[in-house]
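K.L.:
Spelled out, the chains give:
Number of protein chains: 2
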Amino acid sequence: MKVGIIGLGLMGGSFALALKRRFKDRDEKLEIIGLDHNDQHCLEALELKIADKITDDITDLFNLDLIVLTIPVNAILKILPELKDVSSDTTIIDFGSTKEKIVDAIPKEIRANFVASHPMTGTEKFGPSAATRKLYRGKVVVLCNKEENAKRHLKFAKDIFRDIGMKIFYMNAKEHDVHAAYISHMPHAVSYALANTVMAQENPKAILALAGGGFKDMSRIAKSSPNMWIDIFKQNKQNLLTAMKEFKKELEQLENFIEEDNFESAKNWILKANNLHDIL
Amino acid sequence: MKVGIIGLGLMGGSFALALKRRFKDRDEKLEIIGLDHNDQHCLEALELKIADKITDDITDLFNLDLIVLTIPVNAILKILPELKDVSSDTTIIDFGSTKEKIVDAIPKEIRANFVASHPMTGTEKFGPSAATRKLYRGKVVVLCNKEENAKRHLKFAKDIFRDIGMKIFYMNAKEHDVHAAYISHMPHAVSYALANTVMAQENPKAILALAGGGFKDMSRIAKSSPNMWIDIFKQNKQNLLTAMKEFKKELEQLENFIEEDNFESAKNWILKANNLHDIL
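In order, the protein sequence lines correspond to chains A and B. Numbering-wise, numbering that gives the first Met the number 0 puts 264 at position 265 of the first sequence, and it's gapless, one number per residue. Numbering-wise, numbering that gives the first Met the number 0 puts 1 at position 2 of the second sequence, and it's gapless, one number per residue.
A portion of the hints provided could be inaccurate.
[Claimed, not checked] Subject to a maximum C-alpha distance of 25 Å in a straight line, what follows is the list of computed SDA-like cross-link-like pairs (lysine to any residue):
id, chain 1, residue 1, chain 2, residue 2
1, A, Lys266, A, Lys236
2, B, Lys266, A, Asp38
3, A, Lys124, B, Lys215
4, A, Lys244, B, Asn273
5, B, Lys215, A, Asp38
6, B, Lys266, A, Ser86
[To be verified] On the chain B side, residues computed to face chain A include the following (Cβ under 8 Å):
id, residue
7, Phe61
8, Met119
9, Lys215
10, Met243
11, Glu249
No lab work stands behind these hints: they were computed from the structure. The structure displayed is predicted, hence computed values, not measured ones. A virtual CB, placed ideally from N, CA and C, is assigned to each residue, including glycine.
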């Protein structure tokens, strides 16, 4: 199998390592060709054996078995027109965290072979050195608008995701973007805001010296890449703003209860929050 | 050493287990006498060897070497007057998450032997069965208003905290409560609000099926005990409200940038948040 990976960071690098692991004991050879505008990342990817070869000519990937787009969402939008001449035998997968704008922008020539995906995983780290073979194992991947895919391409993508241990969910792109706003995009905004609230205090060091597990967990994703997240915020602007407003409403609910010394209602509000964990 | 533990939940139970570990290879015997208004917790504490004995008579603890208060902060306030006849040879420690009101309410008879403490650790779980020997290891404990303690009691408390692997910080109670609002109390409010935002959606199950590590981390403490946290919110009301307002201001900052498509400023705002991790 020949795989082209566009974007050799955490997501692309981890995908390569996971695939390599799966092919370790197989007769079939796996070859990974990497492309990344960052030369340093290309060198690191070769060193870390994420990629077997590097190319800067995207057409080198047009007849491979699989092309994976693991670049920020706005970069996906920009590169899509360049992919219209990819072979109809090549399956294309993107890992973008937003889906509606991407699905709308897929050139019609490659719509049947383009499986729009969102693996619900990641870490706050980035770059090829952050790549880890287990990033996808046991995690959820959402495939969007599968009815627009040719069956064989959809099956190929599904087989690969299952191969690396993922659970597959289906959703339309619009619904995905709403859900992702609540479960991922708004929580990132909240984590960044939490970090900035402490950083804005007179003596953040003295405060942070006291950080226990709760604060560390809640501020972990505030380390996430600004470039990647600005792109996501841009592409999912309306859903994100709605989710942020609803979050603010909830927080203000508690604020009002506390201001009014209405601790009975505050307690019921907390009990509702506790229920989350019966589901999660 | 004879130790009385009032409150046999996560914090008291874990403290007992940590102490028992330290005394395992010593000649000195350790005896732990537990007191808890919850009979079920008392039984579990005996079964789990958290306590060697149970009493329902608080005066049984008045001549021990150490009394530890590991009950919710309002319960500490209520029990303080009952402790005024504790021997002046007994060191008393409380683990309350707020400190100003507690320090103000310590009866003058036991002020010299009462070391006001706040271990910056915990989990979202509660009850004796949640107790774990390693809860305190490597964590910070804040000792407040130490100048009001007799030297021997302060030293005794410090020795014990160091014995179970804790790092000691000193602070006055007022300053502690401000810092704790930012690093612990407000983040709990935020985590509860995040959980409630998702639970209020039309189909929370469908959204939560997509939860990755970020959301799971951020909502973990939303499982925390309502009774304990309502007490904390009550006792640290003003600092908490201030911290919540500043957090909201940060979030609204981002909201405005996104609404105005000012993604350059949004990016700089995120870069500021990233800086947290140079300190933490």
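K.L.:
Double-check Phe61 (chain B) for me: the hint is only fine if its C-beta lies closer than 8 Å to a C-beta in chain A.
P.N.:
32 Å, violated
K.L.:
Need the status of pair Lys266 (chain B), Ser86 (chain A): alpha-carbon distance at most 25 Å?
P.N.:
Given pair Lys266 (chain B), Ser86 (chain A) is violated - Cα atoms ~37 Å apart, limit 25 Å.
K.L.:
Under 8 Å is the threshold here; is the Cβ of Glu249 (chain B) close enough to any Cβ of chain A for the hint to stand?
P.N.:
At about 4 Å, which falls below the 8 Å cut-off, the nearest Cβ of chain A leaves the hint on Glu249 (chain B) intact, so it holds.
K.L.:
Restraint: Met243 (chain B) near chain A, CB-CB cut 8 Å. Satisfied or not?
P.N.:
Holds: closest Cβ of chain A sits about 6 Å from Met243 (chain B), inside 8 Å.
K.L.:
Take the C-alpha atoms of Lys215 (chain B) and Asp38 (chain A), compute the straight-line distance between them, and say whether it is at most 25 Å.
P.N.:
35 Å, violated
K.L.:
Holds or violated: Lys266 (chain A) and Lys236 (chain A), Cα atoms, limit 25 Å.
P.N.:
Since the Cα atoms of Lys266 (chain A) and Lys236 (chain A) sit roughly 33 Å apart, the hinted pair is violated (cutoff 25 Å).
K.L.:
Between Lys244 (chain A) and Asn273 (chain B), is the straight-line Cα distance small enough, at 25 Å or below?
P.N.:
OK: Lys244 (chain A) and Asn273 (chain B) at ~23 Å, within 25 Å.
K.L.:
Taking 25 Å as the top limit, are the C-alpha atoms of Lys124 (chain A) and Lys215 (chain B) close enough?
P.N.:
The hint holds at about 17 Å.
K.L.:
Under 8 Å, Cβ to Cβ, is where Lys215 (chain B) needs to be relative to chain A, so tell me if that hint holds or is violated.
P.N.:
7 Å, holds
K.L.:
Quick check on Met119 (chain B) please, does its C-beta sit within 8 Å of some C-beta on chain A?
P.N.:
With Cβ-Cβ at 4 Å, under 8 Å, it holds.
K.L.:
Would you mind confirming whether the straight-line C-alpha gap from Lys266 (chain B) to Asp38 (chain A) stays at or under 25 Å?
P.N.:
24 Å, holds
The structure does not agree with the numbered hints 1, 5, 6 and 7 stated previously, though it agrees with the rest.
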